[in-house]
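Assemble the dimeric complex from its two separately framed chains, guided by the hints.
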Amino acid sequence: MTRVVESDVCIIGGGITAAMVAERLAERTSATITVIEAGGRTASLEERAGTRARMLAYGENPFPNDHIPDQTGTGEMYRQMVVGGSAMHWGGAVPRYSPEDFRLRSLYGVGFDWPISFDDIEPYYQEAEERIGVAGEQGPPDCDPRSKPYPMPPLPLSYNLARMREWTERAEVPFWTQPWARNTEPYRGRNVCERCDTCAVCPTGAKYTPDFAFDRLLADGRIGLVDRTLVRRLELEPGSDRIAVAHALDRAAPGDPVEFHAGTFVVAAGHAWSSHLLLLSATGRFPDGLANRTGNLGRYMTGHWYVSGYINLPMRLYPGIFANNSLLSHRFASPGPLDRYLRHDLRLWESGVGRQPRLRDDDGRLLWGDEIMADWRTRTESGATARIRAYYDVIPDGDSRLTLDAARTNSLGDPMPRIDYRAAQATLDLESHTRDTITGRFEHLARAADGTVRSTSGSRLFEHPGGGCRMGDDPATSVVDRWGRTHDHENLFVVGAPTIVSSGCANGTLTFCALSLMAAEEIGREMPA
Amino acid sequence: MGAAPVPLPGETLRAVAEAVLPAELGDDGRERAVAAFERWCEGLEPVAELSHPYLVPETRYSGPDPRPGWAAQLEGLDKECMSRHGVSLAGLDTAGRRKLLEQPLEGAGPGLGSPANGGHVAAALMAHFYSSPVATDLCYGVTIAKQQCRGLEGAGARPAMGAQP
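Taken in sequence, the protein lines are chains F and W.
For the first sequence, the positions run 181 to 709 when our numbering is used.
For the second sequence, the positions run 209 to 373 when our numbering is used.
One thing to keep in mind: the hints can contain errors.
[Said to hold, decoys possible] Only some residues are given here: those of chain W computed to face chain F with a beta carbon under 7 angstroms:
| no. | residue |
| --- | --- |
| 1 | V255 |
| 2 | E257 |
| 3 | S259 |
| 4 | P265 |
| 5 | K354 |
Hint data in this document are derived by calculation from the structure and do not stem from the laboratory.
Ideal Cβ placement from N, Cα and C applies to all residues, glycine included.
Chain W with its partners taken away, still in its complex shape (with noise of 0.2 angstroms):
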């Protein structure tokens, strides 16, 4: 393992949650999604080997780590909304802090991608959200529960229906 991990500024973390996660999710959705973000930066290996690609002969490392920077940009959210509107984000209202995340989200998407591959701290929290079984399951209204085991029982089913946040 290499150094400890840069923590996250975690109030600012959970106001750039706010505006940028599904409404729906709800407070404890939401701290529960930021908490498995957290969770998964502490997680984080930089340059780990990463799975074979079929037939590529070559290994494949991910990249340096993203937690330094990642740490910086919260940093500098906050001080771009102390020195714009003189609060901090978390005291920002919704659209303000979307409207302080537009620049630093101009060259992200379309799709989401991975959370590892660096980027803005923001398209981090949502492509690590989204890649969820919490997410497809909210999403389709369903327990889906991706990637858990589950036996063989009962496969042809239809999932059940009411997926909760």
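If we strip away everything but chain F, and leave its shape as in the complex, we get (with noise of 0.2 angstroms):
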């Protein structure tokens, strides 16, 4: 029998955007809200303490059931799937896009340019921070422009960071702390960072996860929570181009098929489903998918890739107190004029690279007892090494995408999807460039503190992914407007990271949510105050 559930807006996914804008719209509107989640519950507050220490004893992962076993897709993409999604695990690194992002094209001749500034975007910046509680410390305000101050203080520096911004400093770098989902003051009934060093799975509930907004709006009566149910496809109203019908399936009760009816639908499920449910929603009127009339869906998948390495420094430090916080500089994301296009970040950590306790010398010889002891002693008397990492700006080319896998499909036999990421020429014929740059950058560093550089190494990797239904003015090159909305269905909106334009050279999260904060504000102009 089917059951149907109806709602003023149904939000398609259970993560940290559909929670920015469940929030909103249950603060500003009347509007009934219903959100679905294909997965479950996984490990709460009180339980995480205790899959903490298996995780940390046998490398357990501390979020049990959090993914569907034959839901998933191949190519980079989260394995999460649960009320919470993929930031129920997150180290919480929330620093914003840089100015410079949103007008690439413009101030460079590379890349795009976004349908918003950051002006733009700015106030939904703060907002994010605010309802996920960032602690922080502003950097140069040229490059790190803000109109008010974070909600909290940073993080304190360990005697480690604090060495090591010494060092940055007589280099002229200079670096801050990084912005943290974590709280350094009480703040919404959570409670203050307690340097567990396990920010994946935080058992004092300092860090933010999605899941503490859902329970509060859940406890306040102000949304519905449909768990354990995958939306397989969106289905057209008759004879219109607005959504009616989000046909799902119960995993507890898959024989009792259900339908989410509302006015306005809202898909926030992360840069692979997204784009992966409108394409399984193809209809007569939209054979390639829906919101895709102009064939953009699924193109533009954007990601960032890196430079790291290990710089050996002579000084003596001692790994372990904190070393899930980090020190951020913002120079090389803002760099003024430049001959050949780069801009990156660049963040520092403490490392024990090289010096941890080893079975075998160089020689290779067997160590036994106290000479196990003796020569790690050594390695860690003798100097401290520091990691360093550059997320460096990829530009996206229309062929980087994500397209329906017949060869790969769940239980139900649905396609999964399959992401084939691709950079655009103009990043592969500057990546020496980029590369040998960041380097030698790393090599400035190392100087300054008469260390030296260990090793580098460069990823490929399409980090803090998005993209595939890309925002823009002109329907012919984009999936949404600067809402969010689809240019093809007036009440269907994509909101966080499918949307961006490019990814950046800063984790994407905060302005994943900001983004989905500025959707919110556009649904709630419909919705009864």
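Structure (structure tokens):
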């Protein structure tokens, strides 16, 4: 028997961007809101101390049942499908994109301009920081502009990071504390960070996870949360391009279909599953998928690459106190005029690389008992190691695509997503210049400490990915407008990661949240106050 | 949970520990290290789901149960010792025990890796101890107390001196 759930707004996906939209609409409108999550609930806050202990001892997943075994694709994508989404596991790094990110074509002649400017999104950055609870310190205003202070003071530096910041000041490369979604003061009923150093699973609740927002909204009776329910297809109203129904499967009762009827639908299913659902929803008038009249759906999948390294420092540090804090330089993301395009962030961490206990010495000789400890001490007393990494901007190619993979289906026979990321030729042409320049900056920093670069490596993993439903003013080159509204369906929005134009050179979650809040503002205009 | 874990022969395990763990731990410190390893063994769950690596959509699982193999290795060491030297491993001096362990550890290293990665029980015991907060503090001679929740107070202070095994 078909179950029907009706509401004003139906949000598909139960991660951090869904939490942003639901929370804002619940506070500012009287709309009825349903949130649908394909996954179930995972470890509650009370259970996280226990799962953290097993993660430390055995490497086990601290969030059991956080995915659906056969609901997975090919290519770089998150595994989590759970109430709270991938932001249950996240470290909580929440830098903003820099103003330049939104005007690459205008400023540097590469990539694309966004349909919005930094000034347009700035109030929503602030709102996202306040909803999440961000602890941070403002960088130089020309590189890191903001209209209001961070909601909380920054995480204090450990002894190790304080010594490392002194070193970077000698190199005249200023660093600031990374902004974090971790409380340095009691905030919205959550605890203060206790530097447990396992931020992937925070046992105190000091790190923001979206389940906190959902639980509060549920307790207030402001949303309905339907979990373990997989939306498989959106259906149009007869004779209209409006969305009428989301067809879903209750995973606990697979024989009983569920229909979600709503006036407005919001796809908040992350960078992979949002495009995937729209492609799966192909119909007669939209044979290539909903919101895909111009063929842009699933294209311009984006992310950033990095160069990383380890630097030997002639100083005594004590790694292990709070390795989950780091320093961030904004300078190279806002470089001013450039002959050749290159923008990147720069992050520094304490590290034990090269200074761990070992079973064999450099000659391969087996070490026993006190020899291991003596060898370990020698390598920790002679210096310390810093980890350094630069995310750099990668211009996505139009053929960087998410498609339906007929060769890989779930148990229902639905094809799963396949992402084949591709950087634009402009990025490939600049790759050796990029790597050489960044490596040179590592060496400059090392020299300032009389240290040496121990090793460097590059990665082409598309980190903090997004795209597939990119925003734009022109329907010929984009899927949604600046508010996340699809060009083809007036009551269908896509929010967060899928809508970004490029990934910049900073972690993306805060930007995904800010964009979701922009969409919520637009959606709210059509809702009862 | 699966079947009850196979207990490791305690006397032989302690004889191995005396050969491979630092003497500066002393008898009490070494016993605490061995007891911690035994508790870790008791709690180990084979083929458990592991933490997801970043942006990897496939699920990873830990390996099969290493404990029966470790128990057999310890029993084998004792038998070999008895056969070669006419005494149990516990009755052999440290140099003799290390000589017996050289061959089983031939493929191990250079790093210590994770204790759950299978291999030889002596390597697992060492990996367990050297990844512990106790070992880190002993190495650095200060109280780092890694993985311990500690609040934000005094975050910038140098760790206190004087860690004891």
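Here's how the hints hold up against the structure:
Taking 7 angstroms as the C-beta cut-off, the interface hint given for V255 (chain W) is violated, the closest approach to chain F being about 11 angstroms. At a threshold of 7 angstroms, the smallest CB-CB gap from E257 (chain W) to chain F is about 5 angstroms, leaving the interface hint in force. With a least beta-carbon distance of about 5 angstroms to chain F, the hint placing S259 (chain W) at the interface is held under the 7 angstroms criterion. For the restraint placing P265 (chain W) at the interface with chain F, the shortest Cβ-Cβ distance is roughly 5 angstroms, inside the 7 angstroms limit, so the hint holds.
Interface hint status for K354 (chain W): upheld, as the beta-carbon distance to the closest one in chain F is roughly 3 angstroms, under 7 angstroms.
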